[in-house]
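Once you have looked at the hints, place chains X, P, D and S on chain V.
Chains as they are written, first to last, in UniProt numbering: chain V, 1 to 99; chain X, 1 to 99; chain P, 1 to 99; chain D, 1 to 99; chain S, 1 to 99.
Treat each hint with caution, since some may be false.
The list that follows gives simulated cross-link-like pairs (lysine to any residue, SDA-like), each with its CA atoms no further than 20 Å apart [unchecked claim]:
| hint | chain 1 | residue 1 | chain 2 | residue 2 |
| --- | --- | --- | --- | --- |
| 1 | S | K23 | D | D94 |
| 2 | P | K23 | P | D52 |
| 3 | P | K5 | S | G34 |
| 4 | X | K23 | P | V92 |
Hint data in this document are derived by calculation from the structure and do not stem from the laboratory.
Chain by chain, the residues:
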Amino acid sequence: MRIAKVRGTVVSTYKEPSLQGVKFLVVQFLDEAGQALQEYEVAADMVGAGVDEWVLISRGSQARHVRDCQERPVDAAVIAIIDTVNVENRSVYDKREHS
Amino acid sequence: MRIAKVRGTVVSTYKEPSLQGVKFLVVQFLDEAGQALQEYEVAADMVGAGVDEWVLISRGSQARHVRDCQERPVDAAVIAIIDTVNVENRSVYDKREHS
Amino acid sequence: MRIAKVRGTVVSTYKEPSLQGVKFLVVQFLDEAGQALQEYEVAADMVGAGVDEWVLISRGSQARHVRDCQERPVDAAVIAIIDTVNVENRSVYDKREHS
Amino acid sequence: MRIAKVRGTVVSTYKEPSLQGVKFLVVQFLDEAGQALQEYEVAADMVGAGVDEWVLISRGSQARHVRDCQERPVDAAVIAIIDTVNVENRSVYDKREHS
Amino acid sequence: MRIAKVRGTVVSTYKEPSLQGVKFLVVQFLDEAGQALQEYEVAADMVGAGVDEWVLISRGSQARHVRDCQERPVDAAVIAIIDTVNVENRSVYDKREHS
Numbered sequence: 001m002r003i004a005k006v007r008g009t010v011v012s013t014y015k016e017p018s019l020q021g022v023k024f025l026v027v028q029f030l031d032e033a034g035q036a037l038q039e040y041e042v043a044a045d046m047v048g049a050g051v052d053e054w055v056l057i058s059r060g061s062q063a064r065h066v067r068d069c070q071e072r073p074v075d076a077a078v079i080a081i082i083d084t085v086n087v088e089n090r091s092v093y094d095k096r097e098h099s
Numbered sequence: 001m002r003i004a005k006v007r008g009t010v011v012s013t014y015k016e017p018s019l020q021g022v023k024f025l026v027v028q029f030l031d032e033a034g035q036a037l038q039e040y041e042v043a044a045d046m047v048g049a050g051v052d053e054w055v056l057i058s059r060g061s062q063a064r065h066v067r068d069c070q071e072r073p074v075d076a077a078v079i080a081i082i083d084t085v086n087v088e089n090r091s092v093y094d095k096r097e098h099s
Numbered sequence: 001m002r003i004a005k006v007r008g009t010v011v012s013t014y015k016e017p018s019l020q021g022v023k024f025l026v027v028q029f030l031d032e033a034g035q036a037l038q039e040y041e042v043a044a045d046m047v048g049a050g051v052d053e054w055v056l057i058s059r060g061s062q063a064r065h066v067r068d069c070q071e072r073p074v075d076a077a078v079i080a081i082i083d084t085v086n087v088e089n090r091s092v093y094d095k096r097e098h099s
Numbered sequence: 001m002r003i004a005k006v007r008g009t010v011v012s013t014y015k016e017p018s019l020q021g022v023k024f025l026v027v028q029f030l031d032e033a034g035q036a037l038q039e040y041e042v043a044a045d046m047v048g049a050g051v052d053e054w055v056l057i058s059r060g061s062q063a064r065h066v067r068d069c070q071e072r073p074v075d076a077a078v079i080a081i082i083d084t085v086n087v088e089n090r091s092v093y094d095k096r097e098h099s
Numbered sequence: 001m002r003i004a005k006v007r008g009t010v011v012s013t014y015k016e017p018s019l020q021g022v023k024f025l026v027v028q029f030l031d032e033a034g035q036a037l038q039e040y041e042v043a044a045d046m047v048g049a050g051v052d053e054w055v056l057i058s059r060g061s062q063a064r065h066v067r068d069c070q071e072r073p074v075d076a077a078v079i080a081i082i083d084t085v086n087v088e089n090r091s092v093y094d095k096r097e098h099s
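Next up, chain V with everything else stripped away, as it sits in the complex (with noise of 0.2 Å):
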């Protein structure tokens, strides 16, 4: 998995059937130490994850294992909202400091 921020959404109403409801997240890449890398992905967000919020990307197949989306064309999808991110013991992420 990799960790991302939520940066945006995408919305389209021509889309395969089996999207509808579906909502659709622009995410940014983030490295170990949290910084921005220069990749973004658009995932599917069964979880609810705001702008901003630091969360877990699941990408190719595996992201149908998602709820709701076993049959639904979906190759990224959030899975988790990030907590905490510790690198060698030393705290690099904490959600609670950026409520």
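Then chains X, P, D and S, alone, in the frame of chain V:
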């Protein structure tokens, strides 16, 4: 998924039998600000996107969860025609301004 | 999928039993203008493409949806021999001009 | 698979229900000489690896063939804790020298 | 698939139970001219390749279609030991000249 712009078509008569009737589009990936990237893909299109339209592309085995593609060897598909893209509450793209 | 040009062959006698009879082609990926990229792949060929022909390559688990490859450990396959490639209403490639 | 070193943890309370009880590790990929690469991944850990241990990471849909992960949306998992790495008959890593 | 050269081994005692008896090889990818690339992978080997042999590597979920790997979390596998590689009717590699 990735944001892309439709740029052209690929036509093939001599192909896997299961691909009869599948339309192939040449798409160019865009970054989150709508700038063209030097990355192209050929995607199966069951949604009916036109040249210059912004679309969402799903890749890998998930591409086959598009209608009628279950048993087809496609690894990239158009899953939606994009209406709007918003990043940090700023409109990056609105289809109505491009029609 | 990706556009590629057939460049050569790989032969192997000592291999997974399920691969008996599968032909392996060395293909070089092309960009949307038909320029050769420094990216190669070895693809299973059930379509019968020849050296210098332009082909469509499908990669990942989708490659096995090519005829007779369901249970074979191939992660790249030729799915079509290309007739034409058009980008922004300009012909990039036409097979008849290359035969 | 890829060789990696465990560098930290990610904790999330608000996540896909199927992910309850799954431990997430931040791992950094290493090259064949054991040098750290600027590539990070978050992997599910069902093996019980500790910080600084060298591990084998499997990615993509194969990651779910780890115990208890069949229906979980994980796209990267720790599949083994490495004892030794040898390249060209030279020892690159031996766990006993690092405990 | 990718062409690679066997460079070494990884040994692990503490691993996913399903991986008992699986041999892990360190392989280095080669370009179409046989030049070594700075890209390494650890692949499961059910074919019995030796150090310095040229092999074909299949990656992603297709790797599990190698014998006895159906339910194993391997995302890369040796599927063939290469006899010859020809590019543009020129011999790039012939196993007999290397034994």
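Structure-based check of each hint:
1. S:K23 <-> D:D94: 17 Å, holds
2. P:K23 <-> P:D52: Status holds; Cα separation ~16 Å.
3. P:K5 <-> S:G34: Given that 20 Å is the threshold and the Cα spacing comes to 18 Å, the pair holds.
4. X:K23 <-> P:V92: 18 Å, holds
Violated hints are absent here; each numbered hint is respected by the structure.
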